[in-house]
Every structure is written in structure tokens, then in C-alpha cells.
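Colleague: Construct the complete structure from the given sequences, taking the supplied hints into account.
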Amino acid sequence: MDKYIRKLKYRLRELKMQRDAFSLACQGIERDLTDEHAATARAYATAKQELLHVSSRGSDDVARCGDRRGSAGEPSGPVDPSPSSLLLHPSSSKEVSDNEEEDQSVLKTLDSNMQEFVRNAMERSTSQMVAKYQALLAEKEHAQEAQLQTLREYYTHSMSSTTADAWATVTQLQAQTKALETDKTSLGLEFTQLKIDHAALKEELQDFQERVRLQDEENTSAKSFWQKSTDMIKENRRLTEEIVHLTSEVAKAHEVIAAKEAAIAALQVSVHELEVQSKGMDDEKRVWSDRLTTVEVAQHQMTQDNTAMYAQMMAMQTGCDARLEQMKAQYEHQRRTYVDEVRSIPVNLGFCVFSLVIPYMQYMKEFWQLDHT
1 MDKYIRKLKY
11 RLRELKMQRD
21 AFSLACQGIE
31 RDLTDEHAAT
41 ARAYATAKQE
51 LLHVSSRGSD
61 DVARCGDRRG
71 SAGEPSGPVD
81 PSPSSLLLHP
91 SSSKEVSDNE
101 EEDQSVLKTL
111 DSNMQEFVRN
121 AMERSTSQMV
131 AKYQALLAEK
141 EHAQEAQLQT
151 LREYYTHSMS
161 STTADAWATV
171 TQLQAQTKAL
181 ETDKTSLGLE
191 FTQLKIDHAA
201 LKEELQDFQE
211 RVRLQDEENT
221 SAKSFWQKST
231 DMIKENRRLT
241 EEIVHLTSEV
251 AKAHEVIAAK
261 EAAIAALQVS
271 VHELEVQSKG
281 MDDEKRVWSD
291 RLTTVEVAQH
301 QMTQDNTAMY
311 AQMMAMQTGC
321 DARLEQMKAQ
331 YEHQRRTYVD
341 EVRSIPVNLG
351 FCVFSLVIPY
361 MQYMKEFWQL
371 DHT
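First residue of the sequence shown? That's 1 in full-length UniProt numbering, and the numbers climb one at a time after it.
No lab work stands behind these hints: they were computed from the structure.
Computed from a prediction, not measured in an experiment: that's the story for all the values here.
Each statement offered as a hint is correct.
Cut-off 25 Å, straight-line C-alpha distance, at most; resulting in silico cross-link-like pairs (BS3-like, lysine-lysine): (1) Lys-184 <-> Lys-252; (2) Lys-184 <-> Lys-260; (3) Lys-252 <-> Lys-195; (4) Lys-328 <-> Lys-132; (5) Lys-252 <-> Lys-178; (6) Lys-279 <-> Lys-178; (7) Lys-195 <-> Lys-184; (8) Lys-140 <-> Lys-16; (9) Lys-195 <-> Lys-260; (10) Lys-132 <-> Lys-16; (11) Lys-9 <-> Lys-132; (12) Lys-178 <-> Lys-260; (13) Lys-140 <-> Lys-9; (14) Lys-202 <-> Lys-234; (15) Lys-252 <-> Lys-202.
Modeller: Shown next as C-alpha cells:
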């Protein structure tokens with residue numbers, strides 16, 4: 001029983017270690033998400049710097065073109081958007097407006113795709129982790145319940161079989177004791193009858209001897225005396241043989257009675273030992289009942305601990321969900337900030353933005369796929 005209690009304690013320690021591992025995994029996920037958002041922020045900052053650099057290069061090129069026009073005798077500075085210039089280049093203004101609309105639609109599509117991809121990946125990883133640890137906890141609890149049920153059935157069957165064997169042995173020995181007592185009673189009656197017969201034979205012998213003595217006194221002739229003496233000797237020898245035979249039978253009866261009494265004493269000792277063993281078995285049964293009660297109490301305590309651990313896990317999951325929502329909100333705010341900053345860049349750099357954002361989106365998609373696998 002101590003071995004099973006130690007096993008239960010070991011299971012509790014394993015559950016605590018699993019809870020710590022789950023908390024560490026949640027912390028790792030939070031750290032990975034933080035690192036990923038930081039990497040996203042750095043990538044946006046790099047893209048912004050590159051766009052600013054490209055815009056500065058574009059402005060420098062425009063300035064250099066203006067200088068060249070001024071040196072050639074052409075007016076430098078910004079071109080006046082007069083109706084005549086618009087009439088001269090109507091196709092260029094239309095292309096610029098079309099490019100602006102296309103850039104805005106591409107940026108909106110990229111933002112919505114990135115947001116949807118990030119949301120789906122985070123929800124999928126969170127749901128998989130929760131389902132995994134819920135399945136592990138359910139499997140552990142089912143295994144512990146099956147083990148406790150097996151122990152309960154084993155000890156119940158063992159105690160019932162031991163008690164039945166003990167009572168069967170006691171009943172058999174009681175039946176043997178009753179049979180031996182019956183034999184002892186019958187032998188006692190036979191011995192009493194033999195004593196009575198022996199006493200009667202002694203009385204008859206004494207009466208016969210008295211009659212012979214009286215007849216000897218009455219008969220004085222030598223012939224009758226010798227004849228009667230011979231007859232008396234024969235009769236006396238016959239009676240002596242009968243007495244010896246009866247004495248041997250009485251001795252045999254004494255031996256049989258002594259053997260029966262020894263057997264009865266041995267059976268009484270065996271019955272006493274079995275009674276002592278029965279008392280010991282009753283004590284052992286009470287001890288096993290106490291241990292079974294202890295195991296049930298330990299099971300109840302373990303169930304409460306499992307419930308508390310599950311509540312802690314749900315609280316940690318709620319905290320992780322809240323943290324994820326907070327990080328989503330931060331990410332959404334940063335994304336909107338970056339989008340506003342990107343939109344504040346001059347429109348003629350839309351193609352440069354598109355050429356920089358598309359590789360970054362492909363890189364982010366591959367990073368999420370690798371993280372998910």
C-alpha cells in the first residue's frame with residue numbers, strides 16, 4: 001500500500017512538472033510573439049528608412065534635373081500646373097492618379113491579408129496547445145482512476161477469499177472436534193461398561209472362592225479334596241485367563257482413550273491457533289480497510305489537486321488570451337501607425353513601396369509556416 005501511495009505522490013509531482021512546463025511553454029509563446037512583433041517593427045523601420053532614402057534620392061535627382069535645365073536656359077523650379085501644361089500632358093496626370101489608386105488598393109489588400117494571417121495563426125496555435133494539454137490531463141486522470149479501481153477490486157477479492165478460507169477451515173475443524181468428542185463419549189461408555197463387567201467378574205470370583213472354601217471345609221475326604229482341588233485349580237486357571245484377557249482389553253481401551261484424548265488436545269490447540277489466526281485476520285482486515293480508506297482519501301485529495309491545477313491552467317490560459325488580445329491590439333496600433341507613415345510618403349514612390357513590402361510579406365509568411373511546423 002505504501003508503494004501505491006508513493007506512486008500517487010510521484011504522479012502528483014509529474015502533474016506539477018507538467019503544469020510548470022505548460023507555464024514555461026506559454027511564456028515561450030509570449031516571448032516568441034514579442035520577438036516576432038519586434039522583428040516586424042524593425043522590418044517596418046528598415047522599410048521606412050529605405051523608402052525615405054529612396055525619396056531623398058528621388059528629390060536629389062529632381063534637383064539635379066532642374067539644375068541641368070537651368071544651365072540649358074530652361075526655367076528651373078516647380079512646374080506650374082497651368083491648364084496649358086495639363087492640356088499638353090493629360091495622359092501623364094491620368095497615369096499618376098491610376099497609380100495612386102492601385103497603390104492604395106494593394107496596401108489595403110496586403111494589410112488585410114497580413115492581419116488575417118496573423119490572427120488565424122495565433123488562434124490555431126493557441127487552440128492546438130489547449131487541446132493537447134487537456135487531452136494529456138484527461139488521459140492521466142483516466143489512468144489513475146483505472147489503477148485505483150484495480151487496486152480496490154484486488155484487495156476486496158483478496159480479503160473476501162481469505163475470510164472464506166478461514167471460516168471454511170474453522171468449520172471443518174469444529175466438525176472434526178465434534179466427531180472426536182462423540183468417539184470419546186462412546187469410548188467412555190464402553191470403558192465404563194468394561195469396569196462394571198470387571199467388577200461383576202471380581203464379585204463372581206470372590207463368591208466362587210467363598211463357595212469353594214465352604215465346600216472344602218465341608219468335604220474332609222482326601223479324594224474329594226484332591227478332586228475338588230484339581231477342579232478348583234482348573235476353574236481358577238480359566239478365570240485367571242479370563243481376567244488376564246479382560247485386563248489386556250482394559251489396557252487397550254486405556255491406550256485408545258489416551259490416544260483419543262491426545263488427539264482431542266491437539267485439535268483443541270489447533271482450534272485455539274485458528275481462533276488466534278482468525279483474530280489476526282480480522283485485525284489485518286481492519287488494517288486493510290484503514291489503508292483502503294487512506295487510499296480513497298488520497299484519491300479525493302488528488303482529484304481536488306487536479307481540479308485546482310485545471311483551474312490554474314484555465315486561469316493561465318485566460319491570462320494568455322488576454323495577453324494575446326493586448327498584443328493584437330498593440331500590433332494593430334503599430335500596423336496602423338506604420339500604414340499612416342507609409343501613406344505619408346510621396347505618391348510617386350508607390351512602386352518602390354510595393355517592391356519592398358511584397359518580399360517582406362513573403363518572408364513573414366515563410367516564417368509563420370516554419371513556426372507552425
